[in-house]
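Let chain S serve as the given structure and place chain R on it in line with the hints.
Protein chains in written order, with this note's numbering: chain S, 1 to 532; chain R, 1 to 532.
It is worth saying that the hints were derived from the structure and are not from the lab. Certain hints may be false.
[To be verified] Restraint-style ranges between C-beta atoms, simulated for each label pair:
| id | chain 1 | residue 1 | chain 2 | residue 2 | range |
| --- | --- | --- | --- | --- | --- |
| 1 | R | G183 | S | D45 | 30 to 40 Å |
| 2 | S | G27 | R | A227 | 31 to 41 Å |
| 3 | R | I18 | S | A140 | 35 to 45 Å |
| 4 | R | R2 | S | G144 | 35 to 45 Å |
[To be verified] Computed far set for chain S versus chain R, every beta-carbon distance over 10 Å:
| id | residue |
| --- | --- |
| 5 | T16 |
| 6 | G196 |
| 7 | L215 |
| 8 | S341 |
| 9 | K388 |
| 10 | Q438 |
| 11 | D494 |
All C-beta atoms in this analysis are idealised placements derived from N, C-alpha and C, irrespective of residue type, glycine included.
Number of protein chains: 2
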Amino acid sequence: MRIFDNALLYNPVSGTWIPSSFSVENGKIKSVGAPGSLSGHLVFDLEGARVIPGLIDAHVHIESSLLTPAEFGRLVLPHGVTTVIADPHEIANVAGTAGIDFMLSDAKNSPADIFFMVPSCVPATPADVGGAVVSAADLACYVGNPQVLGLGEMMNVPGVLFGDAEVSAKLALFRRVDGHAPGLSGEPLCEYVSRGIASDHECTTAEEAEEKLRLGQIIFLREGDAAKNVAALTPAVTQATASRCCFATDDRHVDSIAEEGSIDNCIRTAVSAGMPLELALRLATLSAAEYYALSDRGLIAPGRVADFCILEEGETFSVSRVYKNGLAVQKKGIVETAEVSFPPFVCRLPTEEEMQLPNGKLKIIETIPGEIITECRIGSAGDSGVQKILCVDRYRGEGFGLGLINGLGIERGALATSVSHDAHNIIAAGATDAEILQAVCAVADAGGGMAVVCNGKTTLLPLPAGGLMTFKPYEDVISEMHVLNEALAETGADKKAFMSLSFMALTVVPHLKITPRGLFDGDAFCDVDIQG
Amino acid sequence: MRIFDNALLYNPVSGTWIPSSFSVENGKIKSVGAPGSLSGHLVFDLEGARVIPGLIDAHVHIESSLLTPAEFGRLVLPHGVTTVIADPHEIANVAGTAGIDFMLSDAKNSPADIFFMVPSCVPATPADVGGAVVSAADLACYVGNPQVLGLGEMMNVPGVLFGDAEVSAKLALFRRVDGHAPGLSGEPLCEYVSRGIASDHECTTAEEAEEKLRLGQIIFLREGDAAKNVAALTPAVTQATASRCCFATDDRHVDSIAEEGSIDNCIRTAVSAGMPLELALRLATLSAAEYYALSDRGLIAPGRVADFCILEEGETFSVSRVYKNGLAVQKKGIVETAEVSFPPFVCRLPTEEEMQLPNGKLKIIETIPGEIITECRIGSAGDSGVQKILCVDRYRGEGFGLGLINGLGIERGALATSVSHDAHNIIAAGATDAEILQAVCAVADAGGGMAVVCNGKTTLLPLPAGGLMTFKPYEDVISEMHVLNEALAETGADKKAFMSLSFMALTVVPHLKITPRGLFDGDAFCDVDIQG
Numbered sequence: 001m002r003i004f005d006n007a008l009l010y011n012p013v014s015g016t017w018i019p020s021s022f023s024v025e026n027g028k029i030k031s032v033g034a035p036g037s038l039s040g041h042l043v044f045d046l047e048g049a050r051v052i053p054g055l056i057d058a059h060v061h062i063e064s065s066l067l068t069p070a071e072f073g074r075l076v077l078p079h080g081v082t083t084v085i086a087d088p089h090e091i092a093n094v095a096g097t098a099g100i101d102f103m104l105s106d107a108k109n110s111p112a113d114i115f116f117m118v119p120s121c122v123p124a125t126p127a128d129v130g131g132a133v134v135s136a137a138d139l140a141c142y143v144g145n146p147q148v149l150g151l152g153e154m155m156n157v158p159g160v161l162f163g164d165a166e167v168s169a170k171l172a173l174f175r176r177v178d179g180h181a182p183g184l185s186g187e188p189l190c191e192y193v194s195r196g197i198a199s200d201h202e203c204t205t206a207e208e209a210e211e212k213l214r215l216g217q218i219i220f221l222r223e224g225d226a227a228k229n230v231a232a233l234t235p236a237v238t239q240a241t242a243s244r245c246c247f248a249t250d251d252r253h254v255d256s257i258a259e260e261g262s263i264d265n266c267i268r269t270a271v272s273a274g275m276p277l278e279l280a281l282r283l284a285t286l287s288a289a290e291y292y293a294l295s296d297r298g299l300i301a302p303g304r305v306a307d308f309c310i311l312e313e314g315e316t317f318s319v320s321r322v323y324k325n326g327l328a329v330q331k332k333g334i335v336e337t338a339e340v341s342f343p344p345f346v347c348r349l350p351t352e353e354e355m356q357l358p359n360g361k362l363k364i365i366e367t368i369p370g371e372i373i374t375e376c377r378i379g380s381a382g383d384s385g386v387q388k389i390l391c392v393d394r395y396r397g398e399g400f401g402l403g404l405i406n407g408l409g410i411e412r413g414a415l416a417t418s419v420s421h422d423a424h425n426i427i428a429a430g431a432t433d434a435e436i437l438q439a440v441c442a443v444a445d446a447g448g449g450m451a452v453v454c455n456g457k458t459t460l461l462p463l464p465a466g467g468l469m470t471f472k473p474y475e476d477v478i479s480e481m482h483v484l485n486e487a488l489a490e491t492g493a494d495k496k497a498f499m500s501l502s503f504m505a506l507t508v509v510p511h512l513k514i515t516p517r518g519l520f521d522g523d524a525f526c527d528v529d530i531q532g
Numbered sequence: 001m002r003i004f005d006n007a008l009l010y011n012p013v014s015g016t017w018i019p020s021s022f023s024v025e026n027g028k029i030k031s032v033g034a035p036g037s038l039s040g041h042l043v044f045d046l047e048g049a050r051v052i053p054g055l056i057d058a059h060v061h062i063e064s065s066l067l068t069p070a071e072f073g074r075l076v077l078p079h080g081v082t083t084v085i086a087d088p089h090e091i092a093n094v095a096g097t098a099g100i101d102f103m104l105s106d107a108k109n110s111p112a113d114i115f116f117m118v119p120s121c122v123p124a125t126p127a128d129v130g131g132a133v134v135s136a137a138d139l140a141c142y143v144g145n146p147q148v149l150g151l152g153e154m155m156n157v158p159g160v161l162f163g164d165a166e167v168s169a170k171l172a173l174f175r176r177v178d179g180h181a182p183g184l185s186g187e188p189l190c191e192y193v194s195r196g197i198a199s200d201h202e203c204t205t206a207e208e209a210e211e212k213l214r215l216g217q218i219i220f221l222r223e224g225d226a227a228k229n230v231a232a233l234t235p236a237v238t239q240a241t242a243s244r245c246c247f248a249t250d251d252r253h254v255d256s257i258a259e260e261g262s263i264d265n266c267i268r269t270a271v272s273a274g275m276p277l278e279l280a281l282r283l284a285t286l287s288a289a290e291y292y293a294l295s296d297r298g299l300i301a302p303g304r305v306a307d308f309c310i311l312e313e314g315e316t317f318s319v320s321r322v323y324k325n326g327l328a329v330q331k332k333g334i335v336e337t338a339e340v341s342f343p344p345f346v347c348r349l350p351t352e353e354e355m356q357l358p359n360g361k362l363k364i365i366e367t368i369p370g371e372i373i374t375e376c377r378i379g380s381a382g383d384s385g386v387q388k389i390l391c392v393d394r395y396r397g398e399g400f401g402l403g404l405i406n407g408l409g410i411e412r413g414a415l416a417t418s419v420s421h422d423a424h425n426i427i428a429a430g431a432t433d434a435e436i437l438q439a440v441c442a443v444a445d446a447g448g449g450m451a452v453v454c455n456g457k458t459t460l461l462p463l464p465a466g467g468l469m470t471f472k473p474y475e476d477v478i479s480e481m482h483v484l485n486e487a488l489a490e491t492g493a494d495k496k497a498f499m500s501l502s503f504m505a506l507t508v509v510p511h512l513k514i515t516p517r518g519l520f521d522g523d524a525f526c527d528v529d530i531q532g
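Isolated chain S, as found in the complex (with noise of 0.2 Å):
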């Protein structure tokens, strides 16, 4: 048995920090009492120092991060998430249950806890051509998997108000039920949550989020790469609230959760936007233990994993030293991680023929700057700025889509990537059809990746794990992104075009995107004509 005494130790119940001296035995917390007050073999004075619970992330999808689970956790890890509560909708559009088995097999390698809500919505419309169907039949097997806490974030808003039976079935299955609804107020959302629909990491505004409360939602407060909501719900937390909202990170890049962090970003950044730190940390800790009923963890008590994090000294929050099970993480540690095959990619490529464009006015994607909806503009091809963007089926070899886009910088070369929401066929644009064409080729050919062709040159990023994540050590993939982000500096586009790219297929988002059957009205919902 280790004592760890002298810790100025966080109580999420109290919202205090509270002088204490505390015993882990067996991966566990054994006792919590005044400092000096507990004996045993192995004391370490922490010499005041301030001790929270382990860190938990509410939502998440790790696919988003390019790691494996196990990777994945292995990264966040040092950060002081111990937890993280993962859906896996990514890889289910690509692999279906087959993708989804190998997040759970692989989830057990990691070094933090890993738990799941299985994606609701998959694939997220009829509109998109993914890799599988995942039906309530097929969830049904997850259903009391001690990894699986339940159904994750229920999309199908429509679906949801008018009783599809499907949707049904899925809500059916599961006693906790993510949502996802940005934006639904009213009667619509009474509908929606009355269908016992627990939660939202969709808010934008305070009053959405304390509509969302009222009506018993718990409200996860996102920071993400793409969507970052923190600092404007943070009005919407108070010592009431506190209990009922948690933190999550939804989406993000592995190279930002290393400079950034992930739930410790999220803290840092409510601090800054006025939340007390013992406000923040219940939401990071407790909060999210108790929607998930982990009641195992959350707070440093008798019985309860022993997962904690020393915080460094000084005014900003920032973690020293994490405990998991007990054991302090050595950052540099290997995770096993099994590469499993998947399915290869089958693609018919346009020819040269097919990659020609009708003449005349002409629909182009005209993106907005750090926003996925797009605006529908006319023009045409020549325009200035304007380039070809290419959707080509992965699992069918059925086809492509053909389009202009503007907004993403390009000035030469092209890019692709298979990352591509939630369908994940190629997406690719660029200044000409042969690189564009060349770039694709080099996505398929590595079974999925993200790749840059200029002048003359290819790059790839290769995520043969799906086409979606890498088997990598998370500091090589951070490696690889570097030389891949200077190849794209080379092409004159801007930073985020990857991630602007990878949304033009999502096909819930409004208003002009593309498939691999051409553009989508996102707003009539249907497939349309490029011509103008």
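Leaving out everything else, chain R in the frame of chain S:
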């Protein structure tokens, strides 16, 4: 669909009163919005009246009310208590799982929802000669029963601390376990908590509650007939801890519920002690629902059961009208209670000679007003105020224990009752041997009850349901209690003499008690001779 418009709605998430309109359909809340924002066929204008969610009693032994579950529900419902979590510990000591099954079955007829925590300690101690032993194997059939939420108060603290196999087997059966560890603190408390025992309702000081809260336990603030702790614990309830505190009544008689209330009385008591009403209401609604994972209640929000109360105007908290499943509660409604046959009483009564005590110095049970602990004093049978006390085995006719008691105040006549914690044998005391035996006979012949014999007249309140409860409507029971209390007054006894008497066989409480085997030393935990 009915609309309740212009309500001043208490929201336990925000802890605030919000002008609102809400609609009810099929017994559930459909929508909640701003006043005037909802439309429907039937609109009730609440004219700004305060509305709160239905109250929840987190822990009660229904048997102590003398009423069956269905009738108990009818009694507490007009007090705003729409959900009750009951531990059928008393009837299980009498009749084992048959007693538990009776409670579960009868509860289905209750107009208030009654859930159960199955009793963990039957018998309470090996020293108790009760009607049943309930093992872990016996309890296994309740796992997964939708009426059962977990394991009831684990009173066997030594059994927990020393890893008793049967105790461990019971703990392993259920995910949620209520605690009972009065005064436990420091490392023994840590050990107790580490076994997953999630709540405590035995705190008597704010410091004790604060320690248990810090260690992760949920604290029930109890206001029963015997133990009244709400005022003392009020300082432990803060904005931070309120989500982890609830109210409980534990043990209340039918007449005190009718006169003072149930959880509504807890709220009034807490507010008098300085707790803001908004915090007290959090405890009485959402906090209890959260602890028991009753996600369909605790809050007036879409999809949840339409259990709510309209409050009286004015400063004092008082429930005016109650709605259960959307329907107005009719106070005079009749409840269907099936009369069930319990095993007959099998007693062997002492003969005239066996009622004789030895001469010389004898041990006397000295009662302390308002307490259930006793002192042992040495004296003789002829001392002023000292009377005989008799405890008769009602299960096997194996005998009786005879002793002396002081402090009940009986001047003439005798009392007997089959409510006698926790084994519920017949216990009696009185001025003459003949009257004591007459009172015992009256109770035994009726198959249980409370009897007063005085001036040649026998007054009986029959308790045919296991000797603990009556099948009658609560109004009749209150009338009968008034008659019984008048008879009690004739004996000169203290008003609380029946309650005091009913705890004289409780072996877990120090110092001198009585069982059908004779006197019992609650400190040494063994039978003792009456010789002083």
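Tested hints:
1. Checked against the hint of 30 to 40 Å, the pair R/G183 and S/D45 passes, with Cβ atoms roughly 31 Å apart.
2. Checked against the hint of 31 to 41 Å, the pair S/G27 and R/A227 passes, with Cβ atoms roughly 38 Å apart.
3. A hinted range of 35 to 45 Å for the beta carbons of R/I18 and S/A140 is consistent with their spacing of about 40 Å.
4. Separation of R/R2 from S/G144 is about 39 Å and conforms to the stated range, judged on CB atoms against 35 to 45 Å.
5. With a minimum CB-CB distance of about 8 Å to chain R, S/T16 fails to clear the 10 Å threshold, and the non-interface call is violated.
6. Not every Cβ of chain R is farther than 10 Å from the Cβ of S/G196; the closest lies at roughly 6 Å, contradicting the non-interface assignment.
7. At the 10 Å boundary, the C-beta of S/L215 falls inside the reach of chain R, the nearest C-beta of that chain being 5 Å off.
8. A cut-off of 10 Å between C-beta atoms confirms that S/S341 is not in contact with chain R; the least separation is 39 Å.
9. The Cβ of S/K388 lies farther than 10 Å from every Cβ of chain R, with a closest approach of about 47 Å, so its non-interface assignment holds.
10. For S/Q438, the condition that its CB be more than 10 Å from all CB atoms of chain R holds, with the nearest at approximately 53 Å.
11. Separation of S/D494 from chain R is adequate, the least Cβ-Cβ distance of about 41 Å exceeding the 10 Å criterion.
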